[in-house]
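Asks: Protein sequence lines correspond, in order, to chains A and B.
Using my numbering, you'd call the opening residue of the first sequence number 1 and step up by one each time.
Using my numbering, you'd call the opening residue of the second sequence number 1 and step up by one each time.
Since the hints were made in silico from the structure, they are not lab data.
Everything numeric in this text was worked out from a predicted model, so none of it was measured.
Note that CB positions come from ideal geometry on N, CA and C, so glycine has one too.
Hints should not be assumed to be uniformly reliable.
Stated by the list, open to error - If you want a taste of the chain B side facing chain A, the calculated C-beta under 10 angstroms gives, among others:
hint : residue
1    : I32
2    : E59
3    : S71
4    : I89
5    : V94
6    : T99
7    : I100
8    : L112
9    : A123
10   : Y126
11   : A147
12   : G151
13   : E153
Said to hold, decoys possible - Now the in silico label distances, taken between C-beta atoms and shown as ranges:
hint : chain 1 : residue 1 : chain 2 : residue 2 : range
14   : A       : L124      : B       : G195      : 48 to 56 angstroms
15   : A       : D181      : B       : A113      : 25 to 33 angstroms
16   : A       : P79       : B       : E43       : 36 to 44 angstroms
17   : A       : A55       : B       : R165      : 23 to 31 angstroms
18   : A       : G192      : B       : G53       : 41 to 49 angstroms
19   : B       : P134      : A       : G154      : 17 to 25 angstroms
Number of protein chains: 2
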Amino acid sequence: MDAVVLLSGGLDSYTAAAIAKSDGFVLNALTIDYGQRHVREVEAARAVARALGVARHQELHVDLRGIGGSSLTSDVDVPRDRDLSATDIPSTYVPARNTIFLSLALGWAEVLAARDLVIGVNALDYSGYPDCRPEFIEAFEALAGVATRAGVEGARFRVHTPLIRLTKAEIIREGLRLGVDYGLTTSCYDPGPDGAPCGSCDSCLLRAKGFAEAGAADPVITN
Amino acid sequence: MDAVVLLSGGLDSYTAAAIAKSDGFVLNALTIDYGQRHVREVEAARAVARALGVARHQELHVDLRGIGGSSLTSDVDVPRDRDLSATDIPSTYVPARNTIFLSLALGWAEVLAARDLVIGVNALDYSGYPDCRPEFIEAFEALAGVATRAGVEGARFRVHTPLIRLTKAEIIREGLRLGVDYGLTTSCYDPGPDGAPCGSCDSCLLRAKGFAEAGAADPVITN
Chain A
1 MDAVVLLSGG LDSYTAAAIA KSDGFVLNAL TIDYGQRHVR EVEAARAVAR
51 ALGVARHQEL HVDLRGIGGS SLTSDVDVPR DRDLSATDIP STYVPARNTI
101 FLSLALGWAE VLAARDLVIG VNALDYSGYP DCRPEFIEAF EALAGVATRA
151 GVEGARFRVH TPLIRLTKAE IIREGLRLGV DYGLTTSCYD PGPDGAPCGS
201 CDSCLLRAKG FAEAGAADPV ITN
Chain B
1 MDAVVLLSGG LDSYTAAAIA KSDGFVLNAL TIDYGQRHVR EVEAARAVAR
51 ALGVARHQEL HVDLRGIGGS SLTSDVDVPR DRDLSATDIP STYVPARNTI
101 FLSLALGWAE VLAARDLVIG VNALDYSGYP DCRPEFIEAF EALAGVATRA
151 GVEGARFRVH TPLIRLTKAE IIREGLRLGV DYGLTTSCYD PGPDGAPCGS
201 CDSCLLRAKG FAEAGAADPV ITN
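Construct the complete structure from the given sequences, taking the supplied hints into account.
Replies: Below, the structure is given as structure tokens:
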């Protein structure tokens, strides 16, 4: 059964895709180049797609720098060494990003006659982004039913979020069990010119915490 | 008060924007070049934005030909002289288009601290697209509340659809009353190389029917 999987080149989406594959889905990977400062993740997504053996890999470009509003899509500095237990939503939040991504995934799914979308959102070891929470996913599923021809004709779209209630360590353990090669992934929001992770953005901190708690070495760091 | 208005260069979105302006909104126009075969509507949108005196005009590009699935974004022929009373959804339906458009509008609205989106959808003299119906709009409003930082902080986004229950003739009469210059607009899905409307696609047929019933001349045809 075909599924459209949002694949960023990061750790979470690769793991979510590997879980979907092990559940029997045929993977159609969708990668969005949205003008993010860490655009090298698009290259990582290509390597991840190859490693996963996806049926199709579609890249779409939509330059969200035009609307800005995030330190990932503007010249505002990415926050460093932030307290991850803080409850405020940091400047790396990209307004409506997952709504935009899932909308594009929905369009492609309808073309492919797929009814299953997969997204690697996580509402536990995360930065507090509103569009990573279960209530967002449920609202999107409700929308998908009335937004599409397929929905009007009775199809029910499902948005699979296999990571949503896992800790980062649990995600990594599950990925390693499934043979995920985390050496292909990139998580840093603001890598150096050589692609090296900064080690201090939210995404680097969450990744390091995850590998530490999983008792595993991060191949990106140790290589 | 700022509003983000989806502006295509067609008749409906111009009229919806003119109504929003007359209601006192400051207009921030968003035009999406999505790889549509009638890309000349993007140029029309620029002229319309100038005529409306918008505060900002943002163009975003996202090439939906990558996912196809519509005669507007693939090489499939646009249907001609279709029976507009037919209840099937024609091939000009673009999967998830208005979901994608409203998602982008939502992102920009959040950046602008705007809470109002305007879209010229119409569920009466239309082609039966699912994402032009009130139930779609309501589901999107519900989604917007949980998808965004602003929503989490208590803001309520509203999607204004001033045309949704008007006939095409009523839309045109209201536009003319507000001083809309329909000579700036383009509706045809498949214009000739000189930009001339084909006269037989759904969009041309609905426009002609509207002007006829409004007892007005279409300046695009008579020029």
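Asks: Work down the list of hints and note, for each, if the structure agrees.
Replies: Verification of the hints:
1. At its closest, the beta carbon of B:I32 sits 9 angstroms from a beta carbon of chain A; the interface hint therefore holds under the 10 angstroms criterion.
2. For B:E59, the shortest C-beta to C-beta distance to chain A is roughly 7 angstroms, which falls under 10 angstroms, so the interface hint holds.
3. The interface hint given for B:S71 is broken, as the beta carbon of that residue sits about 13 angstroms from the closest beta carbon of chain A, more than 10 angstroms.
4. Interface restraint check: B:I89 against chain A, minimum CB-CB distance 5 angstroms, threshold 10 angstroms, status holds.
5. Of the supplied interface hints, the one on B:V94 holds, with its beta-carbon coming within about 7 angstroms of a beta-carbon of chain A, less than 10 angstroms.
6. Checking B:T99 against chain A by beta carbon gives a least distance of about 4 angstroms; that is within 10 angstroms, so the hint holds.
7. For B:I100, the interface hint holds, the least distance from its beta-carbon to any beta-carbon of chain A being 4 angstroms, beneath 10 angstroms.
8. Given the 10 angstroms rule on beta carbons, the hint for B:L112 holds: about 8 angstroms separates it from the nearest Cβ of chain A.
9. Violation of the interface hint for B:A123 is found here, the shortest Cβ-Cβ separation to chain A being roughly 12 angstroms, above the 10 angstroms cut-off.
10. The interface hint given for B:Y126 is broken, as the beta carbon of that residue sits about 14 angstroms from the closest beta carbon of chain A, more than 10 angstroms.
11. For B:A147, the suggested interface contact is upheld, since its CB lies about 5 angstroms from the closest CB of chain A, less than 10 angstroms.
12. The closest approach between the C-beta of B:G151 and any C-beta of chain A is roughly 7 angstroms, which is under the 10 angstroms cut-off, so the hint is satisfied.
13. Satisfaction of the interface hint for B:E153 is found here, the shortest Cβ-Cβ separation to chain A being roughly 9 angstroms, below the 10 angstroms cut-off.
14. Separation of A:L124 from B:G195 is about 54 angstroms and conforms to the stated range, judged on CB atoms against 48 to 56 angstroms.
15. For A:D181 paired with B:A113, a C-beta distance near 43 angstroms fails the hint of 25 to 33 angstroms.
16. The hinted range of 36 to 44 angstroms is satisfied by A:P79 and B:E43, whose Cβ atoms lie roughly 41 angstroms apart.
17. For the hinted restraint 23 to 31 angstroms between A:A55 and B:R165, the CB-CB distance of approximately 43 angstroms leaves it violated.
18. The hint said 41 to 49 angstroms for the Cβ distance between A:G192 and B:G53, and at roughly 45 angstroms that hint holds.
19. The hinted window of 17 to 25 angstroms between B:P134 and A:G154 holds, with their beta carbons roughly 20 angstroms apart.
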